[in-house]
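Turn these sequences into a full structure, and let the hints guide you.
If you read the protein sequences in the order shown, they are chains A and B. Take 1 as the starting number for the first sequence in our numbering and just add one per residue. Take 1 as the starting number for the second sequence in our numbering and just add one per residue.
If you are wondering where the hints come from, they were derived from the structure by calculation, not from laboratory data. For every residue, glycine included, the Cβ atom is placed at its ideal position computed from N, Cα and C. There's no promise every hint is true.
Stated by the list, open to error - If you want the ones that stay clear, here's a sample from chain A, every Cβ over 10 Å from chain B, calculated:
hint: 1; residue: Asp16
hint: 2; residue: Arg82
hint: 3; residue: Asn102
hint: 4; residue: Cys188
hint: 5; residue: Ile234
hint: 6; residue: Ile268
hint: 7; residue: Pro272
Stated by the list, open to error - With a Cα cut of at most 25 Å, we get these calculated DMTMM-like pairs of lysine to aspartate or glutamate:
hint: 8; chain 1: B; residue 1: Lys262; chain 2: A; residue 2: Asp195
hint: 9; chain 1: B; residue 1: Lys253; chain 2: A; residue 2: Glu239
hint: 10; chain 1: A; residue 1: Lys162; chain 2: B; residue 2: Asp334
hint: 11; chain 1: B; residue 1: Lys262; chain 2: A; residue 2: Glu287
hint: 12; chain 1: B; residue 1: Lys244; chain 2: A; residue 2: Asp120
hint: 13; chain 1: B; residue 1: Lys261; chain 2: A; residue 2: Glu23
hint: 14; chain 1: B; residue 1: Lys261; chain 2: A; residue 2: Glu259
hint: 15; chain 1: B; residue 1: Lys244; chain 2: A; residue 2: Asp247
hint: 16; chain 1: B; residue 1: Lys162; chain 2: A; residue 2: Glu98
hint: 17; chain 1: B; residue 1: Lys250; chain 2: A; residue 2: Asp247
hint: 18; chain 1: B; residue 1: Lys265; chain 2: A; residue 2: Asp247
hint: 19; chain 1: A; residue 1: Lys250; chain 2: B; residue 2: Glu239
hint: 20; chain 1: A; residue 1: Lys109; chain 2: B; residue 2: Glu227
hint: 21; chain 1: B; residue 1: Lys265; chain 2: A; residue 2: Glu237
hint: 22; chain 1: A; residue 1: Lys266; chain 2: A; residue 2: Asp120
hint: 23; chain 1: B; residue 1: Lys266; chain 2: A; residue 2: Glu239
hint: 24; chain 1: A; residue 1: Lys290; chain 2: B; residue 2: Glu239
hint: 25; chain 1: A; residue 1: Lys290; chain 2: B; residue 2: Asp247
hint: 26; chain 1: A; residue 1: Lys240; chain 2: B; residue 2: Glu259
hint: 27; chain 1: B; residue 1: Lys261; chain 2: A; residue 2: Glu237
hint: 28; chain 1: B; residue 1: Lys240; chain 2: A; residue 2: Glu287
hint: 29; chain 1: A; residue 1: Lys244; chain 2: B; residue 2: Glu259
hint: 30; chain 1: A; residue 1: Lys261; chain 2: B; residue 2: Asp105
hint: 31; chain 1: B; residue 1: Lys290; chain 2: A; residue 2: Asp247
Unchecked claim - Listed next, with one range per pair, are the computed distances between beta-carbon atoms:
hint: 32; chain 1: B; residue 1: Glu288; chain 2: A; residue 2: Gln198; range: 48 to 58 Å
hint: 33; chain 1: A; residue 1: Ala41; chain 2: B; residue 2: Glu23; range: 46 to 56 Å
hint: 34; chain 1: A; residue 1: Gly146; chain 2: B; residue 2: Arg6; range: 55 to 65 Å
hint: 35; chain 1: A; residue 1: Glu91; chain 2: B; residue 2: Asp105; range: 27 to 37 Å
hint: 36; chain 1: A; residue 1: Pro272; chain 2: B; residue 2: Ile90; range: 41 to 51 Å
hint: 37; chain 1: A; residue 1: Lys84; chain 2: B; residue 2: Ser199; range: 25 to 35 Å
hint: 38; chain 1: A; residue 1: Thr21; chain 2: B; residue 2: Asp230; range: 50 to 60 Å
hint: 39; chain 1: A; residue 1: Lys262; chain 2: B; residue 2: Gly146; range: 45 to 55 Å
hint: 40; chain 1: A; residue 1: Lys182; chain 2: B; residue 2: Tyr338; range: 31 to 41 Å
2 protein chains.
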Amino acid sequence: MELNERKLRILQAVIDEYMGTAEPVGSRVISKKNNLGLSSATIRNEMADLEEMGFLIQPHTSAGRIPSDAAYRYYVNSMMKRYKIGVKTIEQLQLALEQKINQLDSIIKKASHITSALTDYTTIITTPELKSNSIKKCELVSLSGGCSLLIIITQAGIVKNKILTLSLDDASAALLGEIINKTLCGLCTNDITFDKIQSMQNEISQRLDLSPKALINILDFIYEAIEELDDTDIYIENEKSILKYNDIEKAQKMFTFLEDKKNLKKLIKGDPNSKVNIKIGSENKVEELKDCSLVTVNYSLNNKTAGQLGVIGPKRMNYAKVVASLNCISEHIDKILYQMYIGESGE
Amino acid sequence: MELNERKLRILQAVIDEYMGTAEPVGSRVISKKNNLGLSSATIRNEMADLEEMGFLIQPHTSAGRIPSDAAYRYYVNSMMKRYKIGVKTIEQLQLALEQKINQLDSIIKKASHITSALTDYTTIITTPELKSNSIKKCELVSLSGGCSLLIIITQAGIVKNKILTLSLDDASAALLGEIINKTLCGLCTNDITFDKIQSMQNEISQRLDLSPKALINILDFIYEAIEELDDTDIYIENEKSILKYNDIEKAQKMFTFLEDKKNLKKLIKGDPNSKVNIKIGSENKVEELKDCSLVTVNYSLNNKTAGQLGVIGPKRMNYAKVVASLNCISEHIDKILYQMYIGESGE
DNA sequence: TGTTAGCACTCAATAAGTGTGAGTGCTAAA
DNA sequence: TTTAGCACTCACACTTATTGAGTGCTAACA
Numbered sequence: 001m002e003l004n005e006r007k008l009r010i011l012q013a014v015i016d017e018y019m020g021t022a023e024p025v026g027s028r029v030i031s032k033k034n035n036l037g038l039s040s041a042t043i044r045n046e047m048a049d050l051e052e053m054g055f056l057i058q059p060h061t062s063a064g065r066i067p068s069d070a071a072y073r074y075y076v077n078s079m080m081k082r083y084k085i086g087v088k089t090i091e092q093l094q095l096a097l098e099q100k101i102n103q104l105d106s107i108i109k110k111a112s113h114i115t116s117a118l119t120d121y122t123t124i125i126t127t128p129e130l131k132s133n134s135i136k137k138c139e140l141v142s143l144s145g146g147c148s149l150l151i152i153i154t155q156a157g158i159v160k161n162k163i164l165t166l167s168l169d170d171a172s173a174a175l176l177g178e179i180i181n182k183t184l185c186g187l188c189t190n191d192i193t194f195d196k197i198q199s200m201q202n203e204i205s206q207r208l209d210l211s212p213k214a215l216i217n218i219l220d221f222i223y224e225a226i227e228e229l230d231d232t233d234i235y236i237e238n239e240k241s242i243l244k245y246n247d248i249e250k251a252q253k254m255f256t257f258l259e260d261k262k263n264l265k266k267l268i269k270g271d272p273n274s275k276v277n278i279k280i281g282s283e284n285k286v287e288e289l290k291d292c293s294l295v296t297v298n299y300s301l302n303n304k305t306a307g308q309l310g311v312i313g314p315k316r317m318n319y320a321k322v323v324a325s326l327n328c329i330s331e332h333i334d335k336i337l338y339q340m341y342i343g344e345s346g347e
Numbered sequence: 001m002e003l004n005e006r007k008l009r010i011l012q013a014v015i016d017e018y019m020g021t022a023e024p025v026g027s028r029v030i031s032k033k034n035n036l037g038l039s040s041a042t043i044r045n046e047m048a049d050l051e052e053m054g055f056l057i058q059p060h061t062s063a064g065r066i067p068s069d070a071a072y073r074y075y076v077n078s079m080m081k082r083y084k085i086g087v088k089t090i091e092q093l094q095l096a097l098e099q100k101i102n103q104l105d106s107i108i109k110k111a112s113h114i115t116s117a118l119t120d121y122t123t124i125i126t127t128p129e130l131k132s133n134s135i136k137k138c139e140l141v142s143l144s145g146g147c148s149l150l151i152i153i154t155q156a157g158i159v160k161n162k163i164l165t166l167s168l169d170d171a172s173a174a175l176l177g178e179i180i181n182k183t184l185c186g187l188c189t190n191d192i193t194f195d196k197i198q199s200m201q202n203e204i205s206q207r208l209d210l211s212p213k214a215l216i217n218i219l220d221f222i223y224e225a226i227e228e229l230d231d232t233d234i235y236i237e238n239e240k241s242i243l244k245y246n247d248i249e250k251a252q253k254m255f256t257f258l259e260d261k262k263n264l265k266k267l268i269k270g271d272p273n274s275k276v277n278i279k280i281g282s283e284n285k286v287e288e289l290k291d292c293s294l295v296t297v298n299y300s301l302n303n304k305t306a307g308q309l310g311v312i313g314p315k316r317m318n319y320a321k322v323v324a325s326l327n328c329i330s331e332h333i334d335k336i337l338y339q340m341y342i343g344e345s346g347e
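Rendered as structure tokens:
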């Protein structure tokens, strides 16, 4: 059987109605609200067909029908109209994002906040995975309490600081810092191998009086810090919106699910080749998301995927609006990241 | 009427039972479970008295009774027995906390995590308010994209980095950094007035070619950074536990309430003179907490209150256990903070 | 005089029965 | 092909017992 024009319009009407009301939709409502010029009986026949084809589901005999996962998929693929975000909204979010233009995690948090405000669904965002953080400066400072502080600054202004339990006087700390800086400054994090770190060994042992064990510790520590520099964070906002479309038990399971950040990071990474990824209901392999939809976008730096921004909501969410919002915000992130990392080189 | 020995034991029994079951407690249960050697009728009489005295509440005529806020208050003040935390648990948390001994916010997050695991209630914790952060080093680094990065390091290893939208070449950045460092190094944050910052003005304008406006901006910016160094953060963990003792609507209100971090910071600051603070039900002035209890402890550095750790749970929570857990964890925090900030000066 | 067995009473919670109405599928006529 | 009409279904809301945990009161008892 074919999805002819009429069936399509009816399917569209059912989806629209269900998105608004979250109640099963009957043939009478479709016949009245949409001037298709058809009686409820005709629509009833068509809806029976649509059910047979797997696009509609009847919760029970005397109820209306709700869209199936397949219907949403069809809708998203072929029927969805472009949603236009209001000029005012765009201006507002532009303003909000550009206020904090210089602090990476502030931008990411802000972006998440805006997304959650715009969609009113749970928002997930990762900090960018910058595989090539260029190191601007390294420094070692001696602290009270027998500790030293290693600071690594990247070209783009990301600061990694990590405390080493090693007692050094100010002079030794400065000296060691100088050696580290000399060795690593200007390099990209993904070019720094452990061999590179180890190449400092000789110079350090010549110029500083350290036990072999302490030396190894220091080298390991530096390597760790460099690796951690590439770590991404993940932020979740507006978890409470889950309560709007789930009962307590399901909500609890969702909350528990959202605690596993590692898993979430994996999950939110959709297909890196398509900007937007939509997973509807059982398309999510994870049990906890079986009756949710996950919409994510990749934001990028220099045309390479850098991180993800996404939204978890009910299957009956307004996909058009969510996709438009995510696109809009990710584009802004792209712009800001470009400014931060590539800079206005032209000027 | 007096709260004689027998009434006391009955009240205790009701509270105990209710803490376990969360169901109104009847006279029969008390008479059977606790071998007071009294019939249910006698207990009934006593319970009627206790209700009259305001310690028990009857939800409806044919129901058992539940403890009132006053009962919990009486219990907490006079009846609560010391809860002993298992040696194993203590060992475990000691281990967990000391793993991350050197990164301030890691410790605070870890402490929050442990508290939530131990009590299974929503945990709130603030980072310490260190009114006297001694500045170890200041630095200014030029970045790509027309920005500069100000880094301030304290004696204890707290790093504050803040990006300034001012384009400087490496040399100027280093020079400006040097001036800032010379002026502020060794000072305590609360000794730094704006006058102090302004005292750099002359030297900066002499040695660097900056517009007057840019100069003012820089000074403001530095002052801001210093002020922010004293800012405290607040972390919330295990919000989902709210769903265990609240219906969806109340839970939603609670979630919204917990979003206002500023308000929360104020709220969690109990009496600084007593280590533990317990607010039961309507003792909380805030509407949203009217049927919760908030238990907080002050943790301290050098015998001065530095921050708070607290738990929000149902009024029927196990106060003894919560207080013991909070005490235990805060003592560990105290120890670690001491090591970090005062150091093993004796050695 | 305090304690307790006994009994009538209360009332939330549960179960069982009963409409109601929104919705259906099918049929037959337009 | 469409649609009016009709019998049918079934969740939901409503009403009406039924149950049982708990009470307060009274009178008898130690």
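Each hint tested on the structure:
The non-interface label for Asp16/A is consistent with chain B: the shortest C-beta to C-beta separation is roughly 27 Å, beyond 10 Å. Distance check for Arg82/A against chain B: the nearest CB is about 33 Å away, which clears 10 Å, and the non-interface claim stands. The beta carbon of Asn102/A sits about 4 Å from the closest Cβ of chain B, which is not more than 10 Å, so the claim that it is off the interface is violated. Even its closest Cβ contact with chain B, about 14 Å, leaves Cys188/A beyond 10 Å, as expected for a residue assigned away from the interface.
Non-interface status of Ile234/A relative to chain B is upheld: no Cβ of that chain comes within 10 Å, the nearest being about 15 Å off. Chain B leaves Ile268/A outside its interface by the beta-carbon criterion, the shortest separation being 20 Å against a cut-off of 10 Å. For Pro272/A, the non-interface assignment is confirmed: its Cβ lies about 25 Å from the closest Cβ of chain B, beyond the 10 Å cut-off. Taking the CA atoms of Lys262/B and Asp195/A, the gap is about 48 Å. The hint is violated against a cut of 25 Å.
For the hint pairing Lys253/B with Glu239/A, the CA-to-CA distance comes to about 13 Å; that is within 25 Å, so the pair holds. Annotation: proposed proximity of Lys162/A to Asp334/B holds, straight-line Cα distance about 21 Å (limit 25 Å). Distance check on the hinted pair: Lys262/B and Glu287/A sit about 37 Å apart at the alpha-carbon level, beyond 25 Å; violated. Between Lys244/B and Asp120/A the CA atoms are separated by roughly 24 Å; this keeps the pair inside 25 Å, and the hint holds.
A hinted pair counts as satisfied when its Cα atoms are at most 25 Å apart, and Lys261/B with Glu23/A does not qualify at roughly 37 Å. A hinted pair counts as satisfied when its Cα atoms are at most 25 Å apart, and Lys261/B with Glu259/A qualifies at roughly 20 Å. With a CA separation close to 12 Å, the supplied pair Lys244/B and Asp247/A stays within the 25 Å bound. Using a Cα cut-off of 25 Å, the hinted pair Lys162/B and Glu98/A holds, with the two alpha carbons roughly 16 Å apart.
The hinted pair formed by Lys250/B and Asp247/A meets the criterion: a straight-line CA distance of about 14 Å does not exceed 25 Å. For the hint linking Lys265/B to Asp247/A, the alpha-carbon distance of about 31 Å lies beyond 25 Å, and the restraint is violated. For the hint linking Lys250/A to Glu239/B, the alpha-carbon distance of about 15 Å falls within 25 Å, and the restraint holds. Between Lys109/A and Glu227/B, the direct Cα distance comes to roughly 22 Å. Compliance with the 25 Å bound is thereby established for this hinted pair.
A distance of roughly 20 Å separates the Cα atoms of Lys265/B and Glu237/A; the hinted pair therefore holds under the 25 Å criterion. This hinted pair checks out: Lys266/A and Asp120/A have alpha carbons roughly 23 Å apart, not beyond 25 Å. Between the alpha carbons of Lys266/B and Glu239/A the distance comes to roughly 24 Å, so the proposed pair stays at or under 25 Å and holds. Using a Cα cut-off of 25 Å, the hinted pair Lys290/A and Glu239/B holds, with the two alpha carbons roughly 23 Å apart.
A threshold of 25 Å between alpha carbons decides the hint, and for Lys290/A with Asp247/B the separation of about 24 Å falls inside it, so the pair holds. Using a Cα cut-off of 25 Å, the hinted pair Lys240/A and Glu259/B holds, with the two alpha carbons roughly 10 Å apart. Pair hint Lys261/B plus Glu237/A holds up; C-alpha atoms about 14 Å apart against a cutoff of 25 Å. Between Lys240/B and Glu287/A the CA atoms are separated by roughly 19 Å; this keeps the pair inside 25 Å, and the hint holds.
Restraint check for Lys244/A and Glu259/B: the C-alpha separation of about 17 Å stays at or below 25 Å, so the hint holds. As the CA atoms of Lys261/A and Asp105/B are separated by approximately 18 Å, the hinted pair is consistent with the 25 Å bound. With a C-alpha separation of about 24 Å, the suggested pairing of Lys290/B with Asp247/A holds against the 25 Å cut-off. Between Glu288/B and Gln198/A the beta carbons are some 56 Å apart, a value that agrees with the proposed interval 48 to 58 Å.
Against the hinted window of 46 to 56 Å, the Cβ-Cβ separation of Ala41/A and Glu23/B comes to about 54 Å, which satisfies the hint. The hinted range of 55 to 65 Å is satisfied by Gly146/A and Arg6/B, whose Cβ atoms lie roughly 59 Å apart. Remark: the range hint 27 to 37 Å for Glu91/A to Asp105/B is upheld by a beta-carbon distance near 35 Å. The given range of 41 to 51 Å is respected by Pro272/A and Ile90/B, whose C-beta atoms sit roughly 47 Å from each other.
Checked against the hint of 25 to 35 Å, the C-beta distance between Lys84/A and Ser199/B comes to roughly 55 Å, which is inconsistent with it. Our hint of 50 to 60 Å for Thr21/A and Asp230/B holds, since their Cβ atoms are close to 51 Å apart. Between Lys262/A and Gly146/B, the C-beta spacing of about 36 Å breaks the proposed range 45 to 55 Å. Range check, Lys182/A to Tyr338/B: about 36 Å between beta-carbon atoms, so the 31 to 41 Å window is met.
Hints 3, 8, 11, 13, 18, 37, 39 from the list above are not met by this structure, while the remaining hints are.
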